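J.: Each chain is listed here by its residues.
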Amino acid sequence: MTDLITLTIDDKTFQVPKGTLIVDAAKRVENDIPVFCYHPKLPQVGMCRMCLVEVGRVQRDRATGQVVMDGDKPKIAFAPKLETACTVPVEEGMHVRTLNSKVEDARKDVVEFLLTSHPLDCPICDKGGECPLQNLTMRHGPGTSRFIYGEKLHSEKHVPLGTEDNALIYLDRERCIQCARCTRFSDEVAGDHVIGFYERGRKIEIVTFSDPGFDSKFSGNTTDICPVGALTTKDFRFGARPWELINSASICPHCPVGCNLHVNTRRTGASGKFEVKRIMPRQNELVNEIWICDKGRFGHHFAASPDRLTTPLIKKNGQLVEASWDEALDLVASKLKAAGSSVYGLAGGRLSNEDFYEFRKLFNGNAALYSRMGGGDLIQKVGIGAGSNFSAMGRGTTIVVVASDLEEEAPIWWLRVKQASERGANLIMVNARSTKIDKYAKKKITYKYGDEVNAVDGLTDAVKGSENLVVMYGSDGLDLGASKALAQACANLLINTRHTGKVNNGLIAVWQHANDQGAWDMGVRPTTEPIPERALLWIAGADLVGDGETLPYADFTVVSELFLTATAKAADVVLPAQSFLEREGTFTNGERRVQRYYRAVPPLGQGKADWQIFASVGEKCGQGKVKASPSLVMNEIARSVNHYAGITYQALAKVEKQFPDVGGIDLYYGGNAFENTTGLGVQYPSATDRGEGVVAASPESKPEKLNGMIAVPVTLLYDHGTTFARSFLMHPRVPQAFAEINSADAAKLGIKDGETITLAMNGDEAKVMAHVNGRAPEGVVLVPQSLGVNLNRVSGVTIKK
Amino acid sequence: MFELAKGMGTTLRHMFEEPVTIQYPEQKRDVHERYKGRHELKRYDNGLEKCIGCSLCAAACPADAIFVEAAENTDDQRFSPGERYARVYEINYLRCIFCGYCEDACPTEAIVLEGHYELSYTSRRDAIFTKDKLIVPSPDGKPDTPQKVEPGVFTRSVPEMKDPL
Numbered sequence: 001m002t003d004l005i006t007l008t009i010d011d012k013t014f015q016v017p018k019g020t021l022i023v024d025a026a027k028r029v030e031n032d033i034p035v036f037c038y039h040p041k042l043p044q045v046g047m048c049r050m051c052l053v054e055v056g057r058v059q060r061d062r063a064t065g066q067v068v069m070d071g072d073k074p075k076i077a078f079a080p081k082l083e084t085a086c087t088v089p090v091e092e093g094m095h096v097r098t099l100n101s102k103v104e105d106a107r108k109d110v111v112e113f114l115l116t117s118h119p120l121d122c123p124i125c126d127k128g129g130e131c132p133l134q135n136l137t138m139r140h141g142p143g144t145s146r147f148i149y150g151e152k153l154h155s156e157k158h159v160p161l162g163t164e165d166n167a168l169i170y171l172d173r174e175r176c177i178q179c180a181r182c183t184r185f186s187d188e189v190a191g192d193h194v195i196g197f198y199e200r201g202r203k204i205e206i207v208t209f210s211d212p213g214f215d216s217k218f219s220g221n222t223t224d225i226c227p228v229g230a231l232t233t234k235d236f237r238f239g240a241r242p243w244e245l246i247n248s249a250s251i252c253p254h255c256p257v258g259c260n261l262h263v264n265t266r267r268t269g270a271s272g273k274f275e276v277k278r279i280m281p282r283q284n285e286l287v288n289e290i291w292i293c294d295k296g297r298f299g300h301h302f303a304a305s306p307d308r309l310t311t312p313l314i315k316k317n318g319q320l321v322e323a324s325w326d327e328a329l330d331l332v333a334s335k336l337k338a339a340g341s342s343v344y345g346l347a348g349g350r351l352s353n354e355d356f357y358e359f360r361k362l363f364n365g366n367a368a369l370y371s372r373m374g375g376g377d378l379i380q381k382v383g384i385g386a387g388s389n390f391s392a393m394g395r396g397t398t399i400v401v402v403a404s405d406l407e408e409e410a411p412i413w414w415l416r417v418k419q420a421s422e423r424g425a426n427l428i429m430v431n432a433r434s435t436k437i438d439k440y441a442k443k444k445i446t447y448k449y450g451d452e453v454n455a456v457d458g459l460t461d462a463v464k465g466s467e468n469l470v471v472m473y474g475s476d477g478l479d480l481g482a483s484k485a486l487a488q489a490c491a492n493l494l495i496n497t498r499h500t501g502k503v504n505n506g507l508i509a510v511w512q513h514a515n516d517q518g519a520w521d522m523g524v525r526p527t528t529e530p531i532p533e534r535a536l537l538w539i540a541g542a543d544l545v546g547d548g549e550t551l552p553y554a555d556f557t558v559v560s561e562l563f564l565t566a567t568a569k570a571a572d573v574v575l576p577a578q579s580f581l582e583r584e585g586t587f588t589n590g591e592r593r594v595q596r597y598y599r600a601v602p603p604l605g606q607g608k609a610d611w612q613i614f615a616s617v618g619e620k621c622g623q624g625k626v627k628a629s630p631s632l633v634m635n636e637i638a639r640s641v642n643h644y645a646g647i648t649y650q651a652l653a654k655v656e657k658q659f660p661d662v663g664g665i666d667l668y669y670g671g672n673a674f675e676n677t678t679g680l681g682v683q684y685p686s687a688t689d690r691g692e693g694v695v696a697a698s699p700e701s702k703p704e705k706l707n708g709m710i711a712v713p714v715t716l717l718y719d720h721g722t723t724f725a726r727s728f729l730m731h732p733r734v735p736q737a738f739a740e741i742n743s744a745d746a747a748k749l750g751i752k753d754g755e756t757i758t759l760a761m762n763g764d765e766a767k768v769m770a771h772v773n774g775r776a777p778e779g780v781v782l783v784p785q786s787l788g789v790n791l792n793r794v795s796g797v798t799i800k801k
Numbered sequence: 001m002f003e004l005a006k007g008m009g010t011t012l013r014h015m016f017e018e019p020v021t022i023q024y025p026e027q028k029r030d031v032h033e034r035y036k037g038r039h040e041l042k043r044y045d046n047g048l049e050k051c052i053g054c055s056l057c058a059a060a061c062p063a064d065a066i067f068v069e070a071a072e073n074t075d076d077q078r079f080s081p082g083e084r085y086a087r088v089y090e091i092n093y094l095r096c097i098f099c100g101y102c103e104d105a106c107p108t109e110a111i112v113l114e115g116h117y118e119l120s121y122t123s124r125r126d127a128i129f130t131k132d133k134l135i136v137p138s139p140d141g142k143p144d145t146p147q148k149v150e151p152g153v154f155t156r157s158v159p160e161m162k163d164p165l
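Order-wise, the sequence lines are chains L and S. Everything in the first sequence is counted per the numbering used here, starting at 1 for the first residue and increasing by one. Everything in the second sequence is counted per the numbering used here, starting at 1 for the first residue and increasing by one.
Since the hints were derived computationally from the structure, they do not count as laboratory data. Predicted, not measured: the structure shown is a model, and the values here were computed from it. From the three backbone atoms N, C-alpha and C, an ideal C-beta is built for every residue, glycine too. Honestly, I wouldn't trust all of these hints.
Here are the simulated DSSO-like pairs of lysine-lysine, each with C-alpha atoms no more than 30 angstroms apart in a straight line [stated by the list, open to error]: (1) L:K569 <-> L:K337; (2) L:K277 <-> S:K42; (3) S:K148 <-> L:K157; (4) S:K131 <-> L:K277; (5) L:K234 <-> S:K131; (6) S:K148 <-> L:K234; (7) L:K273 <-> S:K50; (8) L:K234 <-> S:K142; (9) L:K157 <-> S:K142; (10) S:K42 <-> L:K152; (11) S:K133 <-> L:K277; (12) L:K157 <-> S:K42; (13) S:K28 <-> L:K152; (14) S:K133 <-> L:K273; (15) L:K273 <-> S:K142.
Per the computed footprint, the stretches of chain S lying under chain L, defined by three or more beta-carbons under 8 angstroms from a beta-carbon of chain L, are [said to hold, decoys possible]: (16) 20 to 27; (17) 71 to 84; (18) 148 to 159.
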């Protein structure tokens, strides 16, 4: 138990843990000390002076060191000058005064002074209405200024951080109050040293010095924490006033972290329909704290894309023509009935738990997940202990990351693992190539592609003596078989070192999609077997053809999708689905946390939620009536799926008070969307959490040995994925097709950085730009997936200039 | 007999008085200076719109009658000074209660309740006045918006007012 310290703030005496800052301590007794530069998630600097308070300490005799008594109480000596509450930690017996005239005058002066250079263009500022400077000026400001309005400093407005084309964040230099929240976030939290202060004194300004400008995957977060409207996003530029927005809770569909989101919508004048104006983070200290990556924030435009399917399509004479739902469902149901057991379903990881459940029910178990990662069953057994929190990890915790480039695959985990490492966690990177997180690793183990199981087996000594152990595995350069073997090896490491069934211990899979874990839980698993020839094949939310896979043969193919993908074009019937913004559902993230998302906008066209489509066909085939709502599907899941007992929509909507408290009425911490009132989700306990025993098994791995140069597919955050490709705001950030080559190989072949080369692999040729940047190991070409080159597995490659 | 003559006398006297009624709609009566009738969106002398699309009128409106959507100005296509203008500005006169809060809230004195009182409609849709109906014409000789202007001149959205209170 940490030491508690007793202090008094304005006649309230209470206890807080040692090391707490006065500003945080005051917040616990609902005394909101105003702040601008301080943020509970950032290291403190004490730059803005807004939090000045009068601090009195227990007086001690200089000679003896004894406490000077005043009657029966210790004598309190108040310092002659005010101190910043955001930098002073509490002391035993401390007295703090926050309400007297001395403090109030100081606050008045600070606000008056800050406003001397502030343009007061609140009516057109995107922050207006949720602006800490506005709020604190109203509460603590002097009302009038002694400075001359005409002498205000005027500087550049609407400066794109980057070029006009690729900037996501805009800077208004005259609104900036130099609190350094953005630079501290970028430097200390995100670890991207791409923005900073330039010049001194009144000339001081924020600049970016990367190309493209503000080259960080977390840049949007600076707009949330900016206490003024200096940093705003391109997405929300004049989109609406904050008070006009409607908040709907959601979960990010882009990666397995499952960040909690708020979707802000407003009716538009042109169509009268609701439109998403912006995506904001929603506080969940166990998942994403208050951060989200730019893919989650700006990558939502696909849902409103004009390419979306709006009606069912049926193939007639080789052409897909529009049809009614009745016609399409009757056709599919008749084919399904005729096919008997000769049916097969293949689903992608964007589907919700309810979808997977109904999907599996429809195909009576003949359903598989389209994924090349294994180990979901092991996550159910030895997955990270319920109640674990990356924020609680530090000294004494070992985090092993295997075969994953966390920044590209799960950015918020990257952020949190990096911070855990900075708090003293022992981060061990096990990868075949170098990635950005390596510099935070205490130990780096490099293996050759295909040798990952041995690399993990060899870690037993390295993790010995560690109190806690978390193992994260990804899919870098692995096929399904190899991934299964790696997952088993990682599980063995945990089981053999007895790091299972405990908080902050266990296995995390860095899945490729948001709900791969949910698919495993619902019994929809990937298969190494080739998909058999069937009378009816149903593909839901997966673009096999677009990925360069061959479409398995079936007499009749049904595709349910958001877009007319290459796979959908080859289908006999195409059914329009709903995006995550248009429907309710639940995702299970990589930490087994089941989280619920809500409808934000009405459905586009005639689209239906996937589970409704499956259940409607099921109803026509005599499988019982379609449920009235997804919550009823969840109730059935809670009854019938082993781990999901007790998980209902009501349980998922439960909230409790979170610390730090950044979403309350005070709005000091910028952005009003943080507050989570709609659910923290439920992390279901793993088998070992429930006390079941688990034994290590030997990983079955038969790595295919390839001779010569090999091409390895790697995951890139900004790619041409089905949903992301339609999110136009991010287009300038998606790179051209490229491949990373080792400098030794490049020298041998005479390839220079930036040259166009031709990769010949799997009987296919692709022209890409060569990057010789020291990331690729020798003999390996790293090829990003879904970036114009079809590569799904490690393949032999020949490079031509 | 005398009573009758007295009554007719009164009638006769009133026949020579100036009438209090007017021949509406041929004749129209002037309203008081502070009359709160239909709104107008004002312009500056150079023809630029005063409205900057800030939505504060909509926020102040107790009847939720105003709908504003903003967009970005450029120097090639300038509607109003500063960065922002109202691309959509609509007032629903079935909702409006002519309280004038919008006028009070406006930071640029763009929306003003004027003397128009002839507000009748044949459909609900007609009761929604769009921006082109609300905005006053450009002053004589000044071009309509959007205007092409010199770069770097109209950078301030909110003008300095002589007597802002």
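J.: Honestly, which of those hints from before does the structure not fit?
T.: As far as the earlier hints go, 8, 13, 15 and 16 are violated by this structure, in ascending order.
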